[in-house]
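Using the sequences and the hints, build the whole thing.
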Amino acid sequence: MHSGVDALLSGMPALRQKFVKDGNSSEMMRKYGLIAILLGAVVILSLVSDTFLTVTNLMNVLRQVSINGILAVGMTFIILTAGIDLSIGSLMAVAAVIATSIVAHDPGAVGWALLAGVAASGLLGGVSGTMSAKLNVAPFVATLAMMTIARGIALIYTNGRPIVVNSDPFKFLGQGYIGPIPVPVLIFIAVTAVMGIVLYKTKFGRYVYAIGGNENASKISGIRVDRVKIWVYVINGFLAGLAGILLSSRISSGQPNSGMGYELDAIAAVVIGGTSLFGGRGSLLGTIVGVLIIGVINNGLNLLDVSSYWQQIIKGLIIAGAVILDQRAKRN
Amino acid sequence: MSDIVLKMRGITKSYFGVKALDDVSLEVSRGEVHALMGENGAGKSTLMKILSGLVKPDAGEIEFEGSKVQIADPQAALNLGIAMIHQELNPIPEMTVSENIFLGREPRYPGTPFIRKKQLEEQTKGLLEEYQFHAGPNTKVGTLSVAQKQMLEIIKAISYDARLIIMDEPTSALSENEVKTLFQTIERLKRQGVPVVYISHRMEEIFSITDRITVLRDGKLIGVRNTRETEVDGLISMMVGRPLDAIYPKEEASIGETVLEVRGLTRLPHFKDISFSVRQGEILGIAGLMGAGRSEVMRALFGIDRADGGEVLMTGEKIQVKHPSDAIRHGIAFVTEDRKELGLVLSRSIRENMTLSSLSRISAGPFVSRSAEAAACDDMLSGIRIKMNRMEQEVLTLSGGNQQKVVIVKWLLTSPKLLILDEPTRGIDVGAKAEIYRMMSKLAREGLAIVMVSSELPEVLGMSDRILVMGEGEIRGEFLRGEITQEQILECALGGGRIA
Numbered sequence: 001m002h003s004g005v006d007a008l009l010s011g012m013p014a015l016r017q018k019f020v021k022d023g024n025s026s027e028m029m030r031k032y033g034l035i036a037i038l039l040g041a042v043v044i045l046s047l048v049s050d051t052f053l054t055v056t057n058l059m060n061v062l063r064q065v066s067i068n069g070i071l072a073v074g075m076t077f078i079i080l081t082a083g084i085d086l087s088i089g090s091l092m093a094v095a096a097v098i099a100t101s102i103v104a105h106d107p108g109a110v111g112w113a114l115l116a117g118v119a120a121s122g123l124l125g126g127v128s129g130t131m132s133a134k135l136n137v138a139p140f141v142a143t144l145a146m147m148t149i150a151r152g153i154a155l156i157y158t159n160g161r162p163i164v165v166n167s168d169p170f171k172f173l174g175q176g177y178i179g180p181i182p183v184p185v186l187i188f189i190a191v192t193a194v195m196g197i198v199l200y201k202t203k204f205g206r207y208v209y210a211i212g213g214n215e216n217a218s219k220i221s222g223i224r225v226d227r228v229k230i231w232v233y234v235i236n237g238f239l240a241g242l243a244g245i246l247l248s249s250r251i252s253s254g255q256p257n258s259g260m261g262y263e264l265d266a267i268a269a270v271v272i273g274g275t276s277l278f279g280g281r282g283s284l285l286g287t288i289v290g291v292l293i294i295g296v297i298n299n300g301l302n303l304l305d306v307s308s309y310w311q312q313i314i315k316g317l318i319i320a321g322a323v324i325l326d327q328r329a330k331r332n
Numbered sequence: 001m002s003d004i005v006l007k008m009r010g011i012t013k014s015y016f017g018v019k020a021l022d023d024v025s026l027e028v029s030r031g032e033v034h035a036l037m038g039e040n041g042a043g044k045s046t047l048m049k050i051l052s053g054l055v056k057p058d059a060g061e062i063e064f065e066g067s068k069v070q071i072a073d074p075q076a077a078l079n080l081g082i083a084m085i086h087q088e089l090n091p092i093p094e095m096t097v098s099e100n101i102f103l104g105r106e107p108r109y110p111g112t113p114f115i116r117k118k119q120l121e122e123q124t125k126g127l128l129e130e131y132q133f134h135a136g137p138n139t140k141v142g143t144l145s146v147a148q149k150q151m152l153e154i155i156k157a158i159s160y161d162a163r164l165i166i167m168d169e170p171t172s173a174l175s176e177n178e179v180k181t182l183f184q185t186i187e188r189l190k191r192q193g194v195p196v197v198y199i200s201h202r203m204e205e206i207f208s209i210t211d212r213i214t215v216l217r218d219g220k221l222i223g224v225r226n227t228r229e230t231e232v233d234g235l236i237s238m239m240v241g242r243p244l245d246a247i248y249p250k251e252e253a254s255i256g257e258t259v260l261e262v263r264g265l266t267r268l269p270h271f272k273d274i275s276f277s278v279r280q281g282e283i284l285g286i287a288g289l290m291g292a293g294r295s296e297v298m299r300a301l302f303g304i305d306r307a308d309g310g311e312v313l314m315t316g317e318k319i320q321v322k323h324p325s326d327a328i329r330h331g332i333a334f335v336t337e338d339r340k341e342l343g344l345v346l347s348r349s350i351r352e353n354m355t356l357s358s359l360s361r362i363s364a365g366p367f368v369s370r371s372a373e374a375a376a377c378d379d380m381l382s383g384i385r386i387k388m389n390r391m392e393q394e395v396l397t398l399s400g401g402n403q404q405k406v407v408i409v410k411w412l413l414t415s416p417k418l419l420i421l422d423e424p425t426r427g428i429d430v431g432a433k434a435e436i437y438r439m440m441s442k443l444a445r446e447g448l449a450i451v452m453v454s455s456e457l458p459e460v461l462g463m464s465d466r467i468l469v470m471g472e473g474e475i476r477g478e479f480l481r482g483e484i485t486q487e488q489i490l491e492c493a494l495g496g497g498r499i500a
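Residue numbers (the working numbering), protein chains in the order written: chain A, 1 to 332; chain G, 1 to 500.
Some clues are possibly wrong.
What the hints assert, rightly or not - Reference listing, derived: stretches of chain G covered by chain A, where coverage requires no fewer than 3 residues with Cβ under 8 Å from a Cβ of chain A:
1. 336 to 349
2. 357 to 366
Claimed, not checked - Simulated crosslink set (DSBU-like; lysine-lysine; CA at most 30 Å straight-line):
3. G/Lys56 with A/Lys201
4. G/Lys272 with A/Lys134
5. A/Lys134 with G/Lys56
6. G/Lys387 with A/Lys203
7. G/Lys272 with A/Lys201
8. G/Lys190 with G/Lys56
9. A/Lys219 with G/Lys272
10. G/Lys340 with A/Lys219
11. A/Lys203 with G/Lys272
For the record, the hints were derived by calculation from the structure and aren't laboratory data.
Yeah, the Cβ is synthetic: ideal placement off N, Cα and C, and Gly gets one too.
The following block contains the structure:
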């Protein structure tokens, strides 16, 4: 995979030269390098598998990536501020059990279920954010604590038992289609669009980048760093809750143990997408491409009957490869 | 053997087709302090990186102590006896003085990995005594002052039996007294015959300590002069390539209403009972030694640190400043001392840095208006020249002087009534300095009140209408323009004591 990228780049000396002249080589090269990897994977998979390039399968891929996609969008904001959120898997479970418990009572109350679930996870996100912004607890530690606290809340709330969902309108969220497009995909697209506007068109978005780039300079520039950070964790909590509710809708039950390990896939997508763990650099587009790369390769390996054990190794190699590519691009 | 220790001839180095160094030569003699001067980007650092093995030249040769040498890496330079004291020092804070000096070559019990602590201590003690270093061998390096760390680096270099020492802006973080100690050390090196290549922007230092000066400009050798036969003006015009009529273009501005008044501001143990005021069109210089509490007063004024007591009034009204955003709302702007840590978001573009403090002015609700933003920046850039390729460039890629201009533009976009400048020209080359002075004069004429904290006395004397001198957290004196000399400021800052 890696040598392929190299060959691709060395085949484009003119392009490389242009990037260098622009003085923004690393980000440009990253973006195009990533898209090249994604397209390369698509081309190879459509050649070796008859089923890959069908509408059904592509919709399938999109539906599979939409939950991780929503999580990764929120995680992008977090990582841009030089933070991390390990608790999102547990926040998913909290939102899922609260939402499903409401529709278990009243199958029609989908709106209330969504609102209550997302509010709960947003609130817990805000607690993590406050711990890190106001009490100076490192985000890693604050959200690690929240990871076990929120999981505990989900288990207490359900007594450790799953909540069965019989509400058809609720199931529609995760299982339905509008035209040929699965509903979770539409929600993912809407989330991306809204968060893209927030990140690139608003003051808040500017502040997110500035804080990640240099927190002290941001404060002295008059930015209320604490508030911005707390809001980033709240928003991330909202999105984690939304993703958790979609998951419970898809599996027709609110599982207090759901969402475990989801934070790692979200972080992986953000990192593959080129967002720096030190904050201040990265893009939403990169994250989306990162999400798609993970999804396409997972799907392709399934179609090719590669064992899921090997899939783990390949995913790890892609993460490592993306970071190495990033380092090489920086050195140029 | 001749008296020439180092000969670099025809050194050429290009990056991406741009010549950083073009056929440059440098000769350094035994026991000489040799200044290397030039604006930022003139090639000084590249030349020294080549000499210390960090960069390989494309062409040229180096002769050291009479024989041709290849300096492949920093270790090779050290082995030859060439040591570089870096601008940013990097001793290991958790290790002791002796461990840092002998890092990687500690005396051991033969055949074992165990360190002979006693011997290590003895050897260190000898060195420390020789150089009058006032800290024990077992002091943790993290607890030393910047000056002491620097001295430690020099001692370390000497302990490597250095036969040529390169110092890159060694005084940029030192107080006047510490500079004196450093100069004594340099004199001692000189007597021992060890030559020093000395890089600095500070003219007084160049003229008080160096014997010869090599000037570079745009990667080319402009000339070599004996310091004694050179004048400041001549040297500056060699560096910038054109004569400079005046470095300090102070113009008379009409002084108006009082803008800022500070009454009894206190933050212990940093400063206490600070009272002063500034008026429209006035430049108030604040002089003092490093650690006198000047920056701390400004930080408290601006809401970065909390004051214990005292009042701050803007245009006659008492204001509460709990966060920099409060200060900005009341019309205060603060160009901080540390551009990279506190002034800029280096990873973001020039445009985003410029408008960071004034986004609300160019936004409709939460949304930033790109056209209003472009208009605001263009408006500023019609009066301020920043050398850049495009607005989307990362600020990181700009030179120090241009970065400083971006910071100033950022603050001017908030339409301040009071501009605080903390060491506004630190680490900036002569050309950019003059531009910043011109900007200050122009802003004062337009009615801005300016407070300038500076450790460069010529700058304070050249630009201020009024000068406050601070020492040990207190205001020691207040003087009008032309009323005081450099020596008197120093005397006042030291509390009336004599300067050795």
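Status of the hints after comparison with the structure:
1. Counting residues of the stretch 336 to 349 of chain G whose beta carbon lies closer than 8 Å to any beta carbon of chain A gives 9, which meets the minimum of three for the stated coverage.
2. Interface restraint, the stretch 357 to 366 of chain G with chain A: holds (5 residues with C-beta to C-beta distance below 8 Å; minimum three).
3. Between G/Lys56 and A/Lys201, the direct Cα distance comes to roughly 45 Å. Violation of the 30 Å bound is thereby established for this hinted pair.
4. With a C-alpha separation of about 29 Å, the suggested pairing of G/Lys272 with A/Lys134 holds against the 30 Å cut-off.
5. At most 30 Å may separate the alpha-carbon atoms for a hinted pair to count; A/Lys134 and G/Lys56 exceed this at roughly 48 Å.
6. At roughly 27 Å between alpha-carbon atoms, G/Lys387 and A/Lys203 fall within 30 Å of each other, so this suggested pair holds.
7. Between G/Lys272 and A/Lys201 the alpha-carbon distance is near 45 Å, which puts this suggested pair outside the 30 Å criterion.
8. Distance check on the hinted pair: G/Lys190 and G/Lys56 sit about 29 Å apart at the alpha-carbon level, within 30 Å; holds.
9. A threshold of 30 Å between alpha carbons decides the hint, and for A/Lys219 with G/Lys272 the separation of about 25 Å falls inside it, so the pair holds.
10. Simply put, G/Lys340 and A/Lys219 have alpha-carbon atoms about 14 Å apart, close enough for the 30 Å limit, and the pair holds.
11. Taken as a hint, the A/Lys203 and G/Lys272 pair is broken in the structure, with Cα atoms around 38 Å apart against an allowance of 30 Å.
The earlier numbered hints that this structure contradicts are 3, 5, 7, 11.
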